[in-house]
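J.: Using this note's numbering, read the sequence shown as starting at 15 and increasing by one per residue.
Derived by calculation from the structure, the hints in this document are not laboratory data. Cβ atoms here follow ideal geometry from the backbone N, Cα and C, with glycine treated the same way. Do not take every clue at face value.
[Said to hold, decoys possible] Computed cross-link-like contacts, DSS-like style, restricted to lysine-lysine with a CA-CA straight-line distance of at most 30 angstroms:
| # | residue 1 | residue 2 |
| --- | --- | --- |
| 1 | LYS115 | LYS32 |
| 2 | LYS35 | LYS115 |
| 3 | LYS35 | LYS66 |
| 4 | LYS32 | LYS66 |
| 5 | LYS115 | LYS66 |
| 6 | LYS32 | LYS110 |
| 7 | LYS35 | LYS110 |
| 8 | LYS66 | LYS110 |
[Stated by the list, open to error] Label-pair distances were calculated between CB atoms; the ranges are:
| # | residue 1 | residue 2 | range |
| --- | --- | --- | --- |
| 9 | GLU58 | SER33 | 16 to 26 angstroms |
| 10 | PRO78 | GLY119 | 23 to 33 angstroms |
| 11 | PRO109 | GLU27 | 27 to 37 angstroms |
| 12 | GLY64 | THR28 | 17 to 27 angstroms |
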Amino acid sequence: MSNLTAVTDANFETEVLKSDKPVLVDFWAEWCGPCRQVAPILDEIAGAHGDKMSFVKLNIDENPVTPSTYRVTGIPTINVYQNGEVVRTIVGARPKAAILKELEGLI
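Produce the complete structure using the sequences and hints provided.
T.: The structure is reproduced here in structure tokens:
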């Protein structure tokens with residue numbers, strides 16, 4: 015059971031940009047091996063820090079508008095949005111410690 019809720023182009027603004035707390039968005043695709051490597055790490059982080067930050071995922075194949083808007087050219091890309099703005103970007107598969115270090119000050 016994933017701790018990350020799926021979002022779409024249709025509900026991205028409501029779920030992410032207008033959120034009261036920071037939102038981590040995992041841009042991924044079914045065929046992406048590194049995305050599958052990162053998914054359980056993000057689930058673990060979401061389970062531990064879901065009270066301070068929302069965690070969602072967006073399938074780039076099914077939702078092409080949002081990745082294009084935010085210039086997501088490689089996956090996995092993890093963007094953290096706060097008050098409607100991108101405040102952190104992590105591109106590529108990273109170990110848990112590296113992701114947590116990037117999220118310092120937010121969680």
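J.: Are the Cα positions of LYS35 and LYS66 separated by 30 angstroms at most?
T.: 7 angstroms, holds
J.: Check the hint pairing LYS115 with LYS66 against an upper bound of 30 angstroms on the C-alpha distance.
T.: Distance of about 15 angstroms is within 30 angstroms: holds.
J.: For the hint 27 to 37 angstroms, verify it against the beta carbon of PRO109 and that of GLU27.
T.: The hint (27 to 37 angstroms, Cβ to Cβ) holds, given that PRO109 and GLU27 are roughly 32 angstroms apart.
J.: Given the hint of 16 to 26 angstroms, is the C-beta distance from GLU58 to SER33 inside that range or not?
T.: 21 angstroms, holds
J.: I want to verify a distance hint. Is the separation of the beta carbons of PRO78 and GLY119 within 23 to 33 angstroms?
T.: With a Cβ separation near 31 angstroms, PRO78 and GLY119 satisfy 23 to 33 angstroms, so the hint holds.
J.: Please work out if LYS115 and LYS32 have their alpha carbons no farther apart than 30 angstroms.
T.: 25 angstroms, holds
J.: Quickly compare the C-alpha distance for LYS32 and LYS66 to 30 angstroms and report which way the hint goes.
T.: 15 angstroms, holds
J.: Holds or violated: LYS32 with LYS110, Cα cutoff 30 angstroms?
T.: Within the cut-off at roughly 27 angstroms; holds.
J.: Against the range 17 to 27 angstroms, how does the distance between the Cβ atoms of GLY64 and THR28 compare: consistent or not?
T.: Given a distance of about 19 angstroms, which is inside 17 to 27 angstroms, the answer is holds.
J.: So if I understand the rule, the pair passes when the alpha-carbon distance is 30 angstroms or less; does LYS35 with LYS110 pass?
T.: Measuring from Cα to Cα gives roughly 21 angstroms; hence the hint holds.
J.: Going straight from one Cα to the other, do LYS35 and LYS115 come out at no more than 30 angstroms?
T.: Roughly 19 angstroms between the alpha carbons, so the hint for LYS35 and LYS115 holds.
J.: When you check the alpha-carbon spacing of LYS66 and LYS110, does it fall within 30 angstroms?
T.: Distance of about 17 angstroms is within 30 angstroms: holds.
Hint violations for this structure: none, all hints satisfied.
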